[in-house]
Amino acid sequence: MIDGGIFGIVPFGDIIFKYSMFSTIGFVIAITFTILVYLTKPEKQLEAQKFGEDKLIDIPLHELKNRRYMAIVCGIATAGAMLTQDIFDFALFLTLVGIANIGIVSAVKREHVLNASFQYGLTSIIATLPLFGASALILAKTGTLSILELHHLNKNLLFEKILYGLGMAGETGVAPYYAAKAEMFRAPGSPYILMIHLSSLLLIVRTVEILLTI
Amino acid sequence: MDFNEFFYLINLTVYAFLIGSLLLGLHRKIMAKIQLRPGPPIIQYLLHTLKFYFKEITFPITAGNPLYIFMPILQIIVWLSALILAVKLESSLLIIIGLYVLQKIVEHGCGLSSGSPYGKLGGVRSVFSAAAEIPLFAVVSTVYIVTNSLIISDIVSYQQIHGPLILKLPISAFAFFILLVSKAPNSPFGIVKGKDIVSGYLTEHFGLLAGLIYIGDAIAYFVLLWLFIAIFLGISNIFLALPFMILITFIISIINGLTPLLAPHHSVMLQITIAIVVLLDLLHRVIFL
Amino acid sequence: MDIEKKVGIVCLIIGMLSFILMFITNGLISYLFYILFVPNILYGVGIFIVPKTRRKKLGKIPFRGY
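Residue numbers (the numbering used here), protein chains in the order written: chain W, 1 to 214; chain B, 1 to 289; chain C, 1 to 66.
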């Protein structure tokens with residue numbers, strides 16, 4: 001027992017959404033933050049200048065709209081990743097979150113933020129290789145990608161799990177890779193930046209659940 | 001829910017808040033004694049919370065609402081749900097870890113939404129110290145491999161048969177203990193609230209909002225101590241766990257009183273080192289046992 | 001009425017609603033309403049107890065070069 005009891009299963013063809021206690025809480029958190037991000041106005045930053053008075057930096061509307069859209073996409077992808085019961089589907093959601101994360105900061109017109117987002121983009125592109133490679137290896141070894149099926153199969157998937165975990169780490173930009181990502185957080189616009197952090201943390205927890213289940 | 005359950009929940013919440021804040025006060029007292037000061041009374045944390053609760057607030061003009069006001073409320077929501085899921089329902093450990101991860105979101109969100117440079121630095125440091133979560137996941141996996149379940153009631157009943165897990169998984173227990181140390185105030189890993197950045201993410205949450213965050217922190221301290229005792233010592237009763245909580249607080253305050261605040265990169269490197277050790281332990285258990 | 005009080009009223013309404021819904025519903029949903037009830041009531045009651053701010057320039061906080 002990992003997820004604390006199943007409430008129900010919603011099959012969409014061969015893609016299955018499962019509402020367990022764990023996934024429901026994750027889903028609710030992701031949806032709540034998506035709504036909050038839609039409602040919140042970004043904070044203004046007071047930047048120290050070399051000469052003269054401090055400057056109050058405001059985010060213009062066109063930049064804000066772009067970033068808010070990407071943040072909402074990021075939130076919906078996170079909510080989907082909480083529920084899905086298919087390894088390939090989860091990997092797709094993970095990459096979608098990675099793309100949305102770059103999109104959130106790419107509208108900021110500051111050089112160091114753009115540099116960091118470019119480096120994070122490279123990491124996430126490279127990380128798709130172990131991610132989808134591990135999915136392909138699992139399919140080749142067991143003949144299925146469904147987590148519910150894999151739970152009953154009891155095959156030794158240690159190598160695939162390590163690869164999958166590495167792919168996830170690169171995609172969400174944690175531990176060994178986060179040098180670029182922490183630099184991205186210096187961009188102004190708190191709710192959108194918060195979405196990057198929230199999505200990556202929720203996805204890590206969810207990945208741990210998947211890796212323990214299969 | 002009927003009235004009995006409601007009063008039980010209220011009692012549990014107040015109990016957790018009181019015990020958490022008294023333990024945090026004790027922590028401060030012991031630290032002061034180590035540094036040869038008389039120190040504040042043990043109820044000081046409680047008094048601080050009450051003091052802040054009755055203080056005026058204004059929202060800074062730089063703040064991004066409603067995120068700014070939502071964050072202290074989220075802090076209480078997170079730790080109340082952790083309290084109910086852990087102590088009352090004895091549900092999955094992974095959900096509690098997921099809620100603990102939300103604590104990082106609170107720190108980050110508090111810092112960023114206020115628009116203050118100090119808060120922002122605190123938030124960025126909280127992202128850096130996300131490295132503290134990796135040993136946690138390794139601990140969860142190790143516990144799962146040994147007990148074959150992540151439901152807390154199952155883990156507790158496993159320990160009633162096989163003896164406490166702290167003897168079987170000393171490395172995991174150590175990693176979890178480091179987490180407790182990093183959550184306590186004035187800890188060597190407390191780079192998020194370091195005094196070099198005023199109060200980190202708390203800088204611009206003052207008055208009533210600070211009071212709310214303090215309430216959340218007290219409940220958080222109680223829940224984390226309870227979690228450690230339930231998982232590694234096998235005692236899930238909140239009254240029987242009390243002497244162990246005092247003991248652990250004593251050890252933590254001695255550690256915190258004797259160690260200086262680490263620089264951010266040292267703190268992160270130390271936590272990553274612990275993470276690697278725990279991950280190696282996990283790998284060893286997966287392959288050989 | 002300033003923005004803090006407005007947020008306080010919204011919080012009070014959410015808190016009251018969750019208090020009522022808590023007793024109607026059962027199981028996990030009622031716990032959800034309980035955890036919504038506590039912080040919202042704490043903020044909503046607190047904001048009407050705290051003294052009125054005596055700051056001259058509202059929202060301009062020291063430390064920041066104002």
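Please note that the accuracy of each hint is not assured.
[Stated by the list, open to error] Stretch-level coverage of chain B by chain W, calculated; a stretch enters the list once three of its residues show a Cβ under 8 Å from a Cβ in chain W:
#, segment
1, 55-65
2, 118-130
3, 235-249
I should point out that these hints are in silico values taken from the structure, not numbers from a laboratory. Don't be surprised by glycine CBs; every beta carbon is placed ideally from N, CA and C.
Okay, the hints, checked on the actual structure:
no.	hint	verdict
1	55-65	holds (count 5)
2	118-130	holds (count 6)
3	235-249	violated (count 0)
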